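*Asks:* Put together the whole structure using the sequences plus the hints.
Protein chains: 2
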Amino acid sequence: MGNISKQEKKRINSLAVKKYRDKERLFVVEGEKSVSEFLASSFKVRKIYCTCEYGFPVQHPDITQITSSEMQQISNLKTASTVLALVETPSVEIDALPNNELLLALDDIQDPGNLGTIIRLADWFGINYIVCSLFTADAYGPKTVQATMGSLTRIKVVYTDLYAFLKSANEKNLIYGTFLEGENIYTAELSGNGIAVMGNEGKGISPEIAGLVSRKLSIPAFVNNAAESLNVATATAIICSEFRRRIYQ
Amino acid sequence: MGNISKQEKKRINSLAVKKYRDKERLFVVEGEKSVSEFLASSFKVRKIYCTCEYGFPVQHPDITQITSSEMQQISNLKTASTVLALVETPSVEIDALPNNELLLALDDIQDPGNLGTIIRLADWFGINYIVCSLFTADAYGPKTVQATMGSLTRIKVVYTDLYAFLKSANEKNLIYGTFLEGENIYTAELSGNGIAVMGNEGKGISPEIAGLVSRKLSIPAFVNNAAESLNVATATAIICSEFRRRIYQ
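For the record, the sequence lines run as chains Y and Z.
114 is the number that our numbering gives to position 114 of the first sequence; each next residue is one higher, with no gaps.
130 is the number that our numbering gives to position 130 of the second sequence; each next residue is one higher, with no gaps.
In short, the hints are calculated from the structure, not lab data.
Fair warning: there could be bad hints in the mix.
Copies of the same chain are indistinguishable here, so a pair counts whether it falls within one copy or spans any two.
Only pairs whose alpha carbons sit at most 20 angstroms apart, straight line, appear in this in silico SDA-like list of lysine to any residue [stated by the list, open to error]: (1) 78 - 111; (2) 18 - 153; (3) 6 - 21; (4) 156 - 226; (5) 9 - 68; (6) 78 - 16; (7) 33 - 203.
Model, not experiment: these values are computed from the prediction.
*Replies:* Set out below in structure tokens:
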């Protein structure tokens, strides 16, 4: 007989779906490194499931040891790891957003892997806040959490009406956006604060949001007849890198 | 009765596996944009399957119209597109590699999505050749082909013993590698040619390959206590961007 009920398994599996994550205000974190990062963070880890191979001892009031086959049944990974945690979804207040640092804004980023990679990039480049449109992928979905590699513990992700947010922000902040045509990002003047908007994978930045962009930037392609566009996560990498490079000039 | 036999379906599905791709010297390309790019390229498109929704007419001696449900059965996508092509795997000769341009070398990149994104980046940044270690993911696997968004038609991907290749190349070429510690990439002198080595997702550049690197580079993190590393595709984006940025200085 297993250590985890059918009902419990069903509940954990349901957290792969946003509707149930929102209802329970819980999400799933898997893997030793990620779970230990969440345990060391301000996030509240509600419950931990682990197998007997789980390497290091953890102080937590609610740990249940389960079998590897049970773990596979509750895991979102092809090959489950030794530990899975249920973590409380934080509330991030839009009012708390700072005016004097660089923020990222995401206009309907759809792919969970792209979103996770962007959160990891933000962490590397010291960008503390990501403001997402309401149609952006959910930061607490299993693929996104996995792709952040623990960076989600350090980055505040806010979901809001992006148009309204940028409209109210653009008096005090420069709003940068990347387009196929714009100022060459390598030679453009970039400040250490402001809001950099990244657009949807297929459609780019939507026309309404584009209307609020005060500085249009472009990553020049090296040759004509090349790829039509860059993947949004790699474009974000180049943009964040360019903003931060200016420190070393 | 369908227009495609059980055996044919089985054969197409088998091409998701490298062993069968190697045996047949064929790979699968899906989606209108990608298929049209392959048709316009020097690749040989052996056969095309399309549904009645396939938007534009194509001149090809071997087109079979199938139903949407047959298409879903042979597709590697969650939601099949209207067209799927069988394309001949090219032979790329290692001897043809140029000495006077920038190349990328991949030391055991495992994730097909990362490889595809890197191929797309190479296309954007005018890097014509990617030299892969024998344990690098296969450029002709379905996920990789999908992630290249057609860039695979323009980039030559060579698989070889990477250590032997770099050993013979490093008399004539600077070999760059990215490490957690190295010269700050933003201020390092970078040339328009040479070989930039990117390491495995988990382990980075292997010790033997590291021994052949003549210039160790590092992407500085903006803050301490940040993400431990960057995703290899985003790191490649930043590195390619830095090499090409120097043109605009």
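*Asks:* Which of the numbered hints are not met once you compare them with the structure shown?
*Replies:* none
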